[in-house]
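Model the placement of chain E on the given structure of chain A, informed by the hints.
Read off the chains here:
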Amino acid sequence: GNSVTQMEGPVTLSEEAFLTINCTYTATGYPSLFWYVQYPGEGLQLLLKATKADDKGSNKGFEATYRKETTSFHLEKGSVQVSDSAVYFCARGAGKSTFGDGTTLTVKP
Amino acid sequence: GAGVSQSPSNKVTEKGKDVELRCDPISGHTALYWYRQSLGQGLEFLIYFQGNSAPDKSGLPSDRFSAERTGGSVSTLTIQRTQQEDSAVYLCASSLGLGLNQPQHFGDGTRLSIL
Numbered sequence: 001g002n003s004v005t006q007m008e009g010p011v012t013l014s015e016e017a018f019l020t021i022n023c024t025y026t027a028t029g030y031p032s033l034f035w036y037v038q039y040p041g042e043g044l045q046l047l048l049k050a051t052k053a054d055d056k057g058s059n060k061g062f063e064a065t066y067r068k069e070t071t072s073f074h075l076e077k078g079s080v081q082v083s084d085s086a087v088y089f090c091a092r093g094a095g096k097s098t099f100g101d102g103t104t105l106t107v108k109p
Numbered sequence: 001g002a003g004v005s006q007s008p009s010n011k012v013t014e015k016g017k018d019v020e021l022r023c024d025p026i027s028g029h030t031a032l033y034w035y036r037q038s039l040g041q042g043l044e045f046l047i048y049f050q051g052n053s054a055p056d057k058s059g060l061p062s063d064r065f066s067a068e069r070t071g072g073s074v075s076t077l078t079i080q081r082t083q084q085e086d087s088a089v090y091l092c093a094s095s096l097g098l099g100l101n102q103p104q105h106f107g108d109g110t111r112l113s114i115l
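In order, the protein sequence lines correspond to chains A and E. Residue numbers 1 to 109, in my numbering, belong to the letters of the first sequence in order. Residue numbers 1 to 115, in my numbering, belong to the letters of the second sequence in order.
Hints were generated in silico from the structure; no laboratory data involved. Computed from a predicted model, the values in this text were never measured in an experiment. Some clues are possibly wrong.
[Unchecked claim] In silico SDA-like cross-links for lysine to any residue, where the CA-CA straight-line distance does not exceed 25 Å: (1) K96/A x R22/E; (2) K108/A x L48/A; (3) K96/A x I26/E; (4) K96/A x D24/E; (5) K96/A x G97/E; (6) K96/A x T70/E; (7) K96/A x G71/E; (8) K96/A x Q41/E; (9) K108/A x Q41/E; (10) K96/A x S5/E; (11) K96/A x S38/E; (12) K11/E x D63/E; (13) K60/A x L96/E; (14) K11/E x Y39/A.
Chain A on its own, in the form it takes in the complex:
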């Protein structure tokens, strides 16, 4: 079946550090790919998406590129802030999406 594998957390970084959270997916078809973010005490919200190979999704300084050859959709940010502390979920497929287990990011000042 469809699956998404995320880098295990927790991840702790200092402010202004570079962030990468790895995500790989099963290659059945050409699914849309998403990153969702869950800030403390809040519901999940869409961070960015990509709908076809080589697309780059971007939002709030975060980026992820749809890599069909490596079946990956890694999340990156060049300089994290304390306010980026949250749980990040990678997901594949629109509609009945398959979610990764989430990666907790803590950014320290």
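Positioned in the frame of chain A, the structure of chain E alone reads:
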């Protein structure tokens, strides 16, 4: 507001009782999903509704769990004879529909605690 609304936000109940959780999706969204998120875990798919089609119940963990969606809008998730392992945050999401590359819009969830 225009977002997905869930109620109650918190529910504490005794083991063995029945509970009902409500979800009011974004107006015009034909797809509605229920997930369960246990402490420190990812999202566990429970059930989804798409328009007038039969719901996909493949994620429901036992026959104590059921869900309805009346009039293509509001949905209720019912857990009968609750057990302590049912304690979790129950999330509802809606989207414009399948096959449209549309993301899901989530509510804030209902935190269910079974004593």
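- Satisfaction of hint between Q41/E and K108/A, Cα-Cα up to 25 Å: 23 Å, holds
- Given the hint that K96/A pairs with I26/E, test it: the Cα-Cα distance must not exceed 25 Å. With Cα atoms ~17 Å apart, K96/A and I26/E stay inside 25 Å; holds.
- Query: Quick one, are K11/E and D63/E close enough, alpha carbons at most 25 Å?
  - Reply: The given pair, whose Cα atoms are some 21 Å apart, holds under the 25 Å limit.
- Message: Hinted pair, alpha-carbon criterion (25 Å max): K96/A, G71/E. Please report holds or violated.
- Response: 21 Å, holds
- Message: Just to be careful, I want the Cα atoms of K96/A and S5/E compared with a cutoff of 25 Å; is the pair within it?
- Response: Roughly 20 Å between the alpha carbons, so the hint for K96/A and S5/E holds.
- Message: Need the status of pair K96/A, Q41/E: alpha-carbon distance at most 25 Å?
- Response: 19 Å, holds
- Are K11/E and Y39/A close enough, with their CA atoms no more than 25 Å apart? At roughly 21 Å apart (the allowed maximum being 25 Å), Y39/A and K11/E satisfy the hint.
- Taking 25 Å as the top limit, are the C-alpha atoms of K96/A and T70/E close enough? Holds - the C-alpha atoms of T70/E and K96/A are around 20 Å apart, at most 25 Å.
- Could you grab the alpha-carbon distance between K96/A and R22/E and see if it respects the 25 Å cut-off? 20 Å, holds
- Query: Is the straight-line distance between the alpha-carbon of K96/A and that of D24/E 25 Å or less?
  - Reply: 18 Å, holds
- Task: Quickly compare the C-alpha distance for K96/A and G97/E to 25 Å and report which way the hint goes.
- Result: Cα-Cα ~10 Å, so holds.
- Item | Straight-line alpha-carbon gap K96/A to S38/E, limit 25 Å | Judged against 25 Å, a Cα distance of about 19 Å means the pair holds.
When each numbered hint is compared with the structure, no violation occurs for any of them.
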